[in-house]
Amino acid sequence: GAGVSQTPSNKVTEKGKYVELRCDPISGHTALYWYRQSLGQGPEFLIYFQGTGAADDSGLPNDRFFAVRPEGSVSTLKIQRTERGDSAVYLCASSSHDRNNEQFFGPGTRLTVL
Amino acid sequence: QKEVEQNSGPLSVPEGAIASLNCTYSDRGSQSFFWYRQYSGKSPELIMFIYSNGDKEDGRFTAQLNKASQYVSLLIRDSQPSDSATYLCAVGGYQKVTFGTGTKLQVIP
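Those protein sequence lines, which keep their order, are chains X and A.
If you count by our numbering, then the first sequence holds residues 14 to 127, one letter each, in order.
If you count by our numbering, then the second sequence holds residues -3 to 105, one letter each, in order.
Derived from the structure by calculation, the hints contain no laboratory data.
Any given hint might turn out to be false.
Listed below are the simulated SDA-like cross-link pairs for lysine to any residue, each with C-alpha atoms no more than 20 Å apart in a straight line [said to hold, decoys possible]: (1) A:Lys92 <-> X:Gln54; (2) A:Lys38 <-> X:Glu57; (3) X:Lys30 <-> X:Gly98; (4) A:Lys92 <-> X:Arg82; (5) A:Lys38 <-> X:Gln54.
I would like the entire structure built from these sequences, with the hints used as guidance.
So, in structure tokens, the structure goes:
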């Protein structure tokens, strides 16, 4: 596809459950970013991949959060033992390595933890 | 001190007027500066980027950067009701950007 895609668009889960959120970046984009956005706030950085490796994971809030990008394209954000405070829109963005951080966002996944 | 600061608004301007959106940042080493537009319930959309001091114009949009004052702004000329959205300022280096909380713009017909 032409843009960044994310699945699912909505995810409702119960406290304590495990969830996986998927991001498919723009073809050829080597950089991939995960953000979390709460109502009335700007996107909050979680993790950045350059190729297959996590170049910066300083934004992951705790060890319940983990992300992978095994083949340098699709990425999965994994959240264990979900808490109500994890409820937010999770955004993925991708960027070409030769365009300094001009990031293009996917539609997001709205996660609701009951 | 927040790394990227924006007035949350709302900023209300009449249709046809110039809307001026402002952003300050704390990291003097910042290299890249972006403006994103976000409609309610949608994801951010990149509308402008600027890397050097001065002005950069693209259609009705002008981005202005003053690194000495750590200040970046976005001017929207001939504002339209369709410009009503939240505008996010993002500042960063070559790998990571930090977003402000956004300014809500309302263009009144």
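* Asked: For the pair supplied as a hint, Lys30 (chain X) and Gly98 (chain X), is the alpha-carbon distance within the 20 Å limit?
  -> 13 Å, holds
* Distance restraint between Lys38 (chain A) and Glu57 (chain X), which requires alpha-carbon spacing of 20 Å or less -> OK: Lys38 (chain A) and Glu57 (chain X) at ~16 Å, within 20 Å.
* 20 Å Cα cutoff - pair Lys92 (chain A), Gln54 (chain X) -> 18 Å, holds
* Straight-line alpha-carbon gap Lys38 (chain A) to Gln54 (chain X), limit 20 Å -> Given pair Lys38 (chain A), Gln54 (chain X) holds - Cα atoms ~13 Å apart, limit 20 Å.
* Are the Cα positions of Lys92 (chain A) and Arg82 (chain X) separated by 20 Å at most? -> Satisfied, since the Cα-Cα distance of roughly 17 Å is no more than 20 Å.
No hint from the list above goes unmet by this structure.
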